[in-house]
Amino acid sequence: MAARVASTLIKPLVAKLFVREENGADLVSKPIRVSKLVSWHGQKRTLDERDVRKISEKLISRTLAANPYEPAVHDGDRIAVVDALTKTLLSLGDLEMEDVQAVHLGHVELARKLSRAADDSTRNMSADATNLYRSLVDVCCLHILQFFTQRSSFIPATLITQTRMIDETMRRMEVLTARLPAPRSQDADFEQRYLEHLGLKYGKLAIFGLDLSAPGQARWPLDTAYLSLELSAQNRDGGVSATHRFRVEGALTGKHRVVLRGPAGSGKTTLAQWLAVSAAQNDFDDELAFLRGRVPFILPLRSLAQESTLPTAHKFLAMAGSMLDGAQPQGWADRVLHSGRGIILVDGIDEISESKRLLTKRWLTELTETYPRTFFLVTTRPSAVPIGWAADLGFVEFDLLPLNQRDVDKFVDRWHDAALSTLGDVEERAEVEQYRAALHVTLRRKPDLYQLATNPLMCSVICALHRDRHSQLPEGRMDLYAAALRMLLVRRDKEREVIAPEGLHLTEEQQVQLLQRLAYWLIRNGRSEATQALAVRIIRERLPSMPRVVPLDGAHQVFRHLLLRSGLLREPTLDTVDFIHRTFQDYLGAKAAVETSDLDLLAKNAGDDQWEDVIRMAVGHARERERGELLRKLVVIGDQRPSQRRRYHLLAAASLENATTLDPAVRAEVMSRAAFLIPRPPERRRRTWRRRARWSSMCCRGRPT
Numbered sequence: 001m002a003a004r005v006a007s008t009l010i011k012p013l014v015a016k017l018f019v020r021e022e023n024g025a026d027l028v029s030k031p032i033r034v035s036k037l038v039s040w041h042g043q044k045r046t047l048d049e050r051d052v053r054k055i056s057e058k059l060i061s062r063t064l065a066a067n068p069y070e071p072a073v074h075d076g077d078r079i080a081v082v083d084a085l086t087k088t089l090l091s092l093g094d095l096e097m098e099d100v101q102a103v104h105l106g107h108v109e110l111a112r113k114l115s116r117a118a119d120d121s122t123r124n125m126s127a128d129a130t131n132l133y134r135s136l137v138d139v140c141c142l143h144i145l146q147f148f149t150q151r152s153s154f155i156p157a158t159l160i161t162q163t164r165m166i167d168e169t170m171r172r173m174e175v176l177t178a179r180l181p182a183p184r185s186q187d188a189d190f191e192q193r194y195l196e197h198l199g200l201k202y203g204k205l206a207i208f209g210l211d212l213s214a215p216g217q218a219r220w221p222l223d224t225a226y227l228s229l230e231l232s233a234q235n236r237d238g239g240v241s242a243t244h245r246f247r248v249e250g251a252l253t254g255k256h257r258v259v260l261r262g263p264a265g266s267g268k269t270t271l272a273q274w275l276a277v278s279a280a281q282n283d284f285d286d287e288l289a290f291l292r293g294r295v296p297f298i299l300p301l302r303s304l305a306q307e308s309t310l311p312t313a314h315k316f317l318a319m320a321g322s323m324l325d326g327a328q329p330q331g332w333a334d335r336v337l338h339s340g341r342g343i344i345l346v347d348g349i350d351e352i353s354e355s356k357r358l359l360t361k362r363w364l365t366e367l368t369e370t371y372p373r374t375f376f377l378v379t380t381r382p383s384a385v386p387i388g389w390a391a392d393l394g395f396v397e398f399d400l401l402p403l404n405q406r407d408v409d410k411f412v413d414r415w416h417d418a419a420l421s422t423l424g425d426v427e428e429r430a431e432v433e434q435y436r437a438a439l440h441v442t443l444r445r446k447p448d449l450y451q452l453a454t455n456p457l458m459c460s461v462i463c464a465l466h467r468d469r470h471s472q473l474p475e476g477r478m479d480l481y482a483a484a485l486r487m488l489l490v491r492r493d494k495e496r497e498v499i500a501p502e503g504l505h506l507t508e509e510q511q512v513q514l515l516q517r518l519a520y521w522l523i524r525n526g527r528s529e530a531t532q533a534l535a536v537r538i539i540r541e542r543l544p545s546m547p548r549v550v551p552l553d554g555a556h557q558v559f560r561h562l563l564l565r566s567g568l569l570r571e572p573t574l575d576t577v578d579f580i581h582r583t584f585q586d587y588l589g590a591k592a593a594v595e596t597s598d599l600d601l602l603a604k605n606a607g608d609d610q611w612e613d614v615i616r617m618a619v620g621h622a623r624e625r626e627r628g629e630l631l632r633k634l635v636v637i638g639d640q641r642p643s644q645r646r647r648y649h650l651l652a653a654a655s656l657e658n659a660t661t662l663d664p665a666v667r668a669e670v671m672s673r674a675a676f677l678i679p680r681p682p683e684r685r686r687r688t689w690r691r692r693a694r695w696s697s698m699c700c701r702g703r704p705t
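Just so we're aligned: the sequence shown equals residues 1 to 705 in this note's numbering.
It should be emphasised that the hints constitute simulated quantities derived from the structure, not laboratory data. Everything hinted at is true.
Cut-off 20 angstroms, straight-line C-alpha distance, at most; resulting in silico cross-link-like pairs (SDA-like, lysine to any residue):
no., residue 1, residue 2
1, K604, Q640
2, K356, N525
3, K58, D77
4, K410, S421
5, K604, S383
6, K356, D609
7, K446, L457
8, K58, D83
9, K204, H581
10, K315, P572
11, K633, E657
12, K356, L393
13, K361, R302
14, K255, E230
15, K633, R646
16, K633, A665
Given only the sequences and the hints, what does the whole structure look like? Please build it.
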């Protein structure tokens, strides 16, 4: 309504609010604030609050007179509008901004800022009165800004402000430019080459179960295959708060030092690779904009098992197995990190021995002190280091959560999309689409199988087996691993009619025996990878028991066969070898430990977190008598060592999942120890649970509810 009032009615009244202007750019002492321009401040005041109230009354009267067809405002509401408008105009005297800043703010934001002074007065006004007040404030602010722009000092002051802003922008640009390597310099040329190398090295993700024996055919672009995971924050008491759940991008926003915890196969390494590739391609979204323009360094700690010291900056590329290590300019990595442009991704605290974790903590301390502006991400299994392990260095901690149902559905779809990308035949593509639809139905109908699929690694194993076994899936975790090994070791080459590759014909059992020997050596020595020469030696020691496989001098040939055809081994560097995932190493190593009757060794090492999954899988591999013996050993050691009682007894309880058959007395012993460690619910909750159990049993018997 007020917007239709002629400007000639409003302008004279608004002009009375301000003192007569002076000439020049107002640079004599300080910039002129809006509060110094109003007529009721300063030594030569010409208006007081009563005068401003009269101006408000005239504004309202002229507005209503100019709009006779608008709804009438009652006297009580009219007084409220006068009070509110007076307070709003008087709040001009409290503004601590310059007129140039007010114009930049705009009349809508200025009106909103001034209206806060009258919140109490407008709270009980009618809708018509409120509309009148808001319209008057808007149009007054429009004229106020118009008045500012017409002052003779406004244009000079604006030029001065713009000049200062340009100077400040140039200064910041100079600071930023100083961080960057000089154009056409040796650093800039190498940095571009290094980032391109990272994009190629980590830019594609190997999809488990999709022709892993033919490298390159089953690798999918990481930015397409990557699924944003969900994290939870640790509270001060060490528990996980279910209310603090974030996606990765939101969790890392504004964080500069992060410890990421997650069980085997939960996606820790994939997340580190995604961060590296996104940084190399400068492809972060707005939430992670603070990481744009940075240079990533992936540091897999598994490669340090044989080193006595941890690397300094110039050895980071060598640690990551980069082929560009020898090409980097002298001091380049140090210059990148010192300028605050680095991202250090330390992967796998759990993959080094416990004795070396203290050394790693000292190394991290030196790195954070030397390069305080660098972004750090450290990954680990939950039990490898205590909660708050690096809190004194400023690290915040997050836990990787299991995939929810929507994430599982997305993962299944993306796995099958990757499968489709490797196929050209129309019938095969239609078959994959049928498997996709069938697996979605199966996961919803089988809650136990769905719980296994909430781990990214296990979800990919399930997808691969579901296709390979024509929708017939094993039920338990141990059965899934066994089926996955059979698929990788035997069925792939047989169904693809690949006969005696590399001139060898190894049965499934022979391959398993050799692989589990290597896996068990790695576990006993606290390693995640070995030199290829050592792997050949381990195979050579086992060959005398397999005289029909190959002559003793053919150990290297057998190793190459396992590396190229098994789908379980890979080459992190040209002279090292490891398993495609630590879980398969633990599975095979546990099988070897049981077959060699190393139950005492298993129980002795139960206090080491690197042996936890090995022991749980050993319970699954063992026969009933061996299983009971191993679980009893865990219970007894836990009873004898109060400081480690929780670890031993809870590990024994967790291992029951894989115990298909077990002496009831042993099971009772394990459960009784676990009962002391798991708090019972309050009595009221127990009564509720009992009532629900009775209600459930009545329903099952067909009684009316």
